[in-house]
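First to last, the sequence lines map onto chains A, B, C and D. The opening residue of the first sequence carries number 0 in numbering that gives the first Met the number 0; numbering runs sequentially from there. The opening residue of the second sequence carries number 0 in numbering that gives the first Met the number 0; numbering runs sequentially from there. The opening residue of the third sequence carries number 0 in numbering that gives the first Met the number 0; numbering runs sequentially from there. The opening residue of the fourth sequence carries number 0 in numbering that gives the first Met the number 0; numbering runs sequentially from there.
It is possible that some hints are incorrect.
Claimed, not checked - Below, simulated DSS-like cross-link-like pairs (lysine-lysine); rule was C-alpha separation at most 25 Å, straight line:
1. A:Lys199 <-> B:Lys55
2. D:Lys199 <-> C:Lys55
3. B:Lys199 <-> D:Lys55
4. C:Lys55 <-> A:Lys55
Don't read these hints as lab results, they were simulated from the structure.
Protein chains: 4
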Amino acid sequence: MLLDVSESQLVLVDYQERLMPAIAEHHVVLANARRLARAAHRLGVPVWGTEQNPAKLGQNDPELRALCQRTVTKMAFSAVEEGLLDCLRPPARPTPGNARSLPRHLQKAQAPTVERSMAVLAGCEAHVCLLQTALELVEQEVDVWVVTDACGSRTERNRDAAFDRLAGAGCELVTTEMVLFEWMRSAEHPAFRDVQALIK
Amino acid sequence: MLLDVSESQLVLVDYQERLMPAIAEHHVVLANARRLARAAHRLGVPVWGTEQNPAKLGQNDPELRALCQRTVTKMAFSAVEEGLLDCLRPPARPTPGNARSLPRHLQKAQAPTVERSMAVLAGCEAHVCLLQTALELVEQEVDVWVVTDACGSRTERNRDAAFDRLAGAGCELVTTEMVLFEWMRSAEHPAFRDVQALIK
Amino acid sequence: MLLDVSESQLVLVDYQERLMPAIAEHHVVLANARRLARAAHRLGVPVWGTEQNPAKLGQNDPELRALCQRTVTKMAFSAVEEGLLDCLRPPARPTPGNARSLPRHLQKAQAPTVERSMAVLAGCEAHVCLLQTALELVEQEVDVWVVTDACGSRTERNRDAAFDRLAGAGCELVTTEMVLFEWMRSAEHPAFRDVQALIK
Amino acid sequence: MLLDVSESQLVLVDYQERLMPAIAEHHVVLANARRLARAAHRLGVPVWGTEQNPAKLGQNDPELRALCQRTVTKMAFSAVEEGLLDCLRPPARPTPGNARSLPRHLQKAQAPTVERSMAVLAGCEAHVCLLQTALELVEQEVDVWVVTDACGSRTERNRDAAFDRLAGAGCELVTTEMVLFEWMRSAEHPAFRDVQALIK
Numbered sequence: 000m001l002l003d004v005s006e007s008q009l010v011l012v013d014y015q016e017r018l019m020p021a022i023a024e025h026h027v028v029l030a031n032a033r034r035l036a037r038a039a040h041r042l043g044v045p046v047w048g049t050e051q052n053p054a055k056l057g058q059n060d061p062e063l064r065a066l067c068q069r070t071v072t073k074m075a076f077s078a079v080e081e082g083l084l085d086c087l088r089p090p091a092r093p094t095p096g097n098a099r100s101l102p103r104h105l106q107k108a109q110a111p112t113v114e115r116s117m118a119v120l121a122g123c124e125a126h127v128c129l130l131q132t133a134l135e136l137v138e139q140e141v142d143v144w145v146v147t148d149a150c151g152s153r154t155e156r157n158r159d160a161a162f163d164r165l166a167g168a169g170c171e172l173v174t175t176e177m178v179l180f181e182w183m184r185s186a187e188h189p190a191f192r193d194v195q196a197l198i199k
Numbered sequence: 000m001l002l003d004v005s006e007s008q009l010v011l012v013d014y015q016e017r018l019m020p021a022i023a024e025h026h027v028v029l030a031n032a033r034r035l036a037r038a039a040h041r042l043g044v045p046v047w048g049t050e051q052n053p054a055k056l057g058q059n060d061p062e063l064r065a066l067c068q069r070t071v072t073k074m075a076f077s078a079v080e081e082g083l084l085d086c087l088r089p090p091a092r093p094t095p096g097n098a099r100s101l102p103r104h105l106q107k108a109q110a111p112t113v114e115r116s117m118a119v120l121a122g123c124e125a126h127v128c129l130l131q132t133a134l135e136l137v138e139q140e141v142d143v144w145v146v147t148d149a150c151g152s153r154t155e156r157n158r159d160a161a162f163d164r165l166a167g168a169g170c171e172l173v174t175t176e177m178v179l180f181e182w183m184r185s186a187e188h189p190a191f192r193d194v195q196a197l198i199k
Numbered sequence: 000m001l002l003d004v005s006e007s008q009l010v011l012v013d014y015q016e017r018l019m020p021a022i023a024e025h026h027v028v029l030a031n032a033r034r035l036a037r038a039a040h041r042l043g044v045p046v047w048g049t050e051q052n053p054a055k056l057g058q059n060d061p062e063l064r065a066l067c068q069r070t071v072t073k074m075a076f077s078a079v080e081e082g083l084l085d086c087l088r089p090p091a092r093p094t095p096g097n098a099r100s101l102p103r104h105l106q107k108a109q110a111p112t113v114e115r116s117m118a119v120l121a122g123c124e125a126h127v128c129l130l131q132t133a134l135e136l137v138e139q140e141v142d143v144w145v146v147t148d149a150c151g152s153r154t155e156r157n158r159d160a161a162f163d164r165l166a167g168a169g170c171e172l173v174t175t176e177m178v179l180f181e182w183m184r185s186a187e188h189p190a191f192r193d194v195q196a197l198i199k
Numbered sequence: 000m001l002l003d004v005s006e007s008q009l010v011l012v013d014y015q016e017r018l019m020p021a022i023a024e025h026h027v028v029l030a031n032a033r034r035l036a037r038a039a040h041r042l043g044v045p046v047w048g049t050e051q052n053p054a055k056l057g058q059n060d061p062e063l064r065a066l067c068q069r070t071v072t073k074m075a076f077s078a079v080e081e082g083l084l085d086c087l088r089p090p091a092r093p094t095p096g097n098a099r100s101l102p103r104h105l106q107k108a109q110a111p112t113v114e115r116s117m118a119v120l121a122g123c124e125a126h127v128c129l130l131q132t133a134l135e136l137v138e139q140e141v142d143v144w145v146v147t148d149a150c151g152s153r154t155e156r157n158r159d160a161a162f163d164r165l166a167g168a169g170c171e172l173v174t175t176e177m178v179l180f181e182w183m184r185s186a187e188h189p190a191f192r193d194v195q196a197l198i199k
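Excised from the complex, chain A in its bound form (with noise of 0.2 Å):
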């Protein structure tokens, strides 16, 4: 299956100012992130980030953390339930004001929740934060794709181990260009050359 950008999330799982100087490869992975944040914010698909324990860590990318709507801290490796899935799964909210007290036949109908169900992930580190957010996310049958070009371990043997595992758990397996070419299908894309000059 494709990745289809109406149906899109983008979550950045902890790229640390204290983290990221000792992910192997770590100019590759920011990059690549800061591609996919660029693009998402180019293309109206919303972007989520994560800092576990920032007063020890740091706080995430500058550049990508202003891309986020929303960064949520944790103390647990994984984000899902730390607010991460409210992020992604919006809970209902209650009809507001006293429209509690009229008549059924009377309240406003919720607008049905438009929801995006494809979590596009990356982050470090790939066998630690990354493997357990996604593996949670699959728990809670979101459709979990990870790019991998954009996450990074300390070591190159167990971000791989990270990658074997995902793709075993059923998460699909991207790289950033993939991504960025399934958003737009096309060279007619309105954001074409907008897009295709990130990868530049």
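Guided by the hints, dock chains B, C and D onto chain A, whose structure is given.
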């Protein structure tokens, strides 16, 4: 399952003059595409080509182009809706002439479509146009065989990620030599010497 | 699925003094086995050991041996029928003393066995004793998790072939760090500093 | 699942004198094939050989040839229809002599065929004759085990592509040492010293 020459069609995706020089191992990739096209021609396998935005990227390699029954031009990255599916599965032709006015039992029965169900694909970039074309064919329930050593991307990482994803989606990954020897099945095939000469 | 510390048991296969020096990357393999055993000990996870023909191959690494609740000696390459399965799934104990003579309705109900269903395995050689033990546990419907960076064979080719085969048989392939961080789940776990110190 | 020596047969595909020198790592490939054949011979496992167009490519390695119960010659790349399937699954013999004329209830019951259902395959080229033979056996519902380190192609890329495809088709990929230790299962096997000596 082995390839069956009588069930096969060959699809060559975007071997274009202004794209190929940027492809990793482009000499090998193009040489294998030529082997596939020549063998298909020798063995009576239909060959189709695609070109992405030829006004900008140029035409396919001339030798390949000459061996294609038809070359589909496209702006979408996937060729499926741009004419390729009609090549692979020709729509039933309407009964010509005045036959329509004849009573049903006098109309000539249409020849049953002898559909070739195995689409053997190769091309560039492996993770964009080849991938999107292949995955959309899978969604159309076409059996897709991807010839890995005739596919290329600018980077090997993107190319190999495409192969993993194609395999996960149910495509069969093969090599040029596998295709040639499965199309023949035996050293007694009348074309054995000609086809074997292609791989020396 | 993520590992659950309350469901886990650790099995350390054949880290024997006259076998280890021949194992590829044996320093790394043994260091990771020690990390696993120390973390398991700190987190209350039961640890079991096995030794192949110890009269010939010697005992397990002394530090590992000291952390095992029991070390099973064996001549078969698989430890499953040699006592390991009884460690992982203790058979129901007969009611002690005179209780047997009591009428059935007066006998004290046995405490339900709290079985730990996740067997975390590592050891040597990956393609012989570790593989045969793991595959026989799978046949017993035990959930098997193999810690790849704590496993070794004399050659990397045999080791990696074992991992592929284990994955194909339904074992989950993990790394030492994955295990440790999944056993804790959060930086607020009371053992976080102790366990994190093991991987520095 | 582990290999069972009493269920196994060994098939050695095309280790021919004018083919082998072109095979990548041919010394290793042939050495492992000889280990398999000697161990099979020692353990009572039937051994079959195949030769592709021997008039052109020569005979199999003499040591292997001497250990085969029968060597099937062939022109098709797959040996299955060329006599191999009859070796692996001998057709029921007609009742001999005059027994046919006896009334049914007086006929001697045929001995039930003790079929060995596990076909352990190795050979060259991995992506042509070995692959086609293996995939046709799979279609015949034979359980196929491919010994990767006793298989070869001229190029490693073709060889490894064959292994991926064989695994995807349901063949179990094993190594020479895996086979030997699974055929014995224990260091107390009476042939343990002899077989272990083969891999030193």
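Checked hints:
1. Distance restraint check for A:Lys199 and B:Lys55: the Cα-Cα separation of roughly 17 Å lies within the 25 Å cut-off, and the hinted pair is therefore satisfied.
2. Simply put, D:Lys199 and C:Lys55 have alpha-carbon atoms about 17 Å apart, close enough for the 25 Å limit, and the pair holds.
3. Distance restraint check for B:Lys199 and D:Lys55: the Cα-Cα separation of roughly 17 Å lies within the 25 Å cut-off, and the hinted pair is therefore satisfied.
4. Distance hint between C:Lys55 and A:Lys55 is unfulfilled; the C-alpha atoms sit about 51 Å from each other, more than 25 Å.
Violated hint for the displayed structure: number 4, the only one.
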